[in-house]
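Participant: Listed below are the residues making up each chain.
There are 2 protein chains.
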Amino acid sequence: MIYINEENIREIVRLEELMEAIEEAYIAYENNSFIMPDRIHINNKSNTLLYMPCITEKVFGTKMITVFPDNKNLNEPVIQGVMMLNDSVTGTPVCMINGASLTAYRTGAVGGVGLKYITPKHIKSIGVIGAGVQGYYQALYACKVRNIETINIFDLSLQSAQILKTKLQESIDNIVINISKSSSELLENSEAVYTCTTTNKPVLPDDKSLLENKYFIGIGSYKPDMREFPEKLFEVVEEVYVDTAFAKEETGDLITPLSKGWLKESQIKSISTIIKDKKQITKKTMLFKSVGMALFDIYTANAIYKKALEKGVGTKIKL
Amino acid sequence: MIYINEENIREIVRLEELMEAIEEAYIAYENNSFIMPDRIHINNKSNTLLYMPCITEKVFGTKMITVFPDNKNLNEPVIQGVMMLNDSVTGTPVCMINGASLTAYRTGAVGGVGLKYITPKHIKSIGVIGAGVQGYYQALYACKVRNIETINIFDLSLQSAQILKTKLQESIDNIVINISKSSSELLENSEAVYTCTTTNKPVLPDDKSLLENKYFIGIGSYKPDMREFPEKLFEVVEEVYVDTAFAKEETGDLITPLSKGWLKESQIKSISTIIKDKKQITKKTMLFKSVGMALFDIYTANAIYKKALEKGVGTKIKL
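Each protein sequence line maps, in turn, to chains F and S. In terms of this note's numbering, the first sequence is numbered consecutively and its last residue is 319. In terms of this note's numbering, the second sequence is numbered consecutively and its last residue is 319.
So that you can see chain F by itself, here it is in the shape it has in the complex (with noise of 0.2 Å):
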């Protein structure tokens, strides 16, 4: 078996190696190859185990992941975990991977992928709301999708803005890098906008004018209390793409629209099959919702462990 941490992954795989992984876990889903259990919650006071298994014809694993909160004051990662893969043949664990890694990574291709299929080839500008791990990962993302020559960041804290623009333009040449003072500011200046916060208000300004014409990569809100986008947003779009079809019930920025009438559920698609048919979606306002699922980390996951092997990379472990 080997251990693969994120300096390996940083060292040995190219981003657009992972998206194109999460483009085959799209085809997969639409055929409806997989095994997919629901996700495994245990709790403990404060504290989460997540087990998400996943079973595909030519790989299986689970992805076991604890979320402390109380971390954030001790200076640890508040998620932390692993990913095991094993042979489909015997089951043998042949690889593990850091679980924290592999999201972010994996997080990142989900939003690259989506700017692909909802974006125009010629935008050059986007915008990330939330200064965090994500924020960090879909601009890296985007700038391997699209031509971006400016990135406008937003965050409730300065620092955490300062620290990610500071972050990005050690890992992007040739970029110019805005904080913007309010959310509207980072919307006039953005043709793209990538929201990535846990809030339960919206991120975004109500304001159809700000919005129109826009395209929404929505990332965070992941628990039906959290809601990134506000009303106004579902009266300029025509369609909602979600990457799964589970979304709905997962996430406040599906579950409220559609409980207050502001979204029919007929009006939400799947990006899976757009992506099988390899169409492009040509609205001029849109909006791509990500929840996540062990498919994703299943084929991000593979994709990571061929590599490691190819390129010899990895703590060898005897089992």
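It is possible that some hints are incorrect.
To be verified - Derived lysine-lysine pairs resembling DSSO-like cross-links, with alpha carbons at most 30 Å apart:
1) S:K318 / F:K45
2) F:K318 / S:K144
3) S:K307 / S:K116
4) F:K72 / S:K318
5) S:K58 / F:K318
6) F:K58 / S:K208
7) F:K318 / S:K72
8) S:K264 / S:K208
9) F:K311 / S:K318
10) F:K45 / S:K276
11) F:K45 / S:K58
12) S:K58 / S:K264
To be verified - Simulated restraints, written as ranges between beta carbons of each label pair:
13) S:T48 / F:H41: 56 to 66 Å
14) F:N189 / S:E57: 49 to 59 Å
15) S:S33 / F:S209: 25 to 35 Å
Keep in mind the hints are simulated off the structure, nothing from the lab. Backbone N, C-alpha and C fix where the C-beta goes; we use that ideal spot for every residue, glycine too.
Using the hints provided, position chain S relative to the given structure of chain F.
Facilitator: For chain S alone, coordinates are given in the frame of chain F:
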């Protein structure tokens, strides 16, 4: 994080220490100081994935096991997997242990602790029915608990019995090892008998005169359709001790006798009470049945992990 394989365990661990860990697990069980969700099963054709999480005050973790029956034909172990231990304050993975090895050691330790509490100190002979992995481990532990001079082995495959004999001779000094021609012959020559098969037809002779005044430790049957103990055994035992309350729902060795009326539920007792009170069971015919539980895994794994840290053993992994 460190990874601990079978070689590492063999190098550093004394069997007595793992039996102490099992006794501590029993006390935690009695004190109800743990969270142990039901085992999670995922089936894919004939293969099974099992997740066994357990949370205690000091430590938590998960044993993840794959059961691939066709591995027999591929000369690969049917059961494989890993046990993961996490830091109880932060959730950080701190240790992984070969899951099959851990299971082998802990199941042996559970049998050893059973022997300690249900047999008098003077017994000198044991019998082992079923010459698989547990045939080996049960005998190994028995020799640490009592001054065993003779081990009798019975298996339907003479070759398996011979392989186990050789293996035990290499592992235990000053021991006489006989291969019995039948389970009746084994029973005649053994004071305590371990059953370590996955049969659905009782492996012991249905003969009261042979069964009386013997000590039985049931290790093998862990499913409703598996049964090692014959009907007459329930005429000669007054009480059946179990490792966990849910044993009566899991093994055919209790389900069948209960449903046929050979055994009353009031006759089933938890060995943990005896262990907590540091008592000894003194009946002349005695039956202990184990089905195992995640609490045993977590206590055994933690004992192995601590020892590995102390001895500086295991593969170091940068998360």
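Participant: Which of the numbered hints are not met once you compare them with the structure shown?
Facilitator: 6, 12, 13, 15
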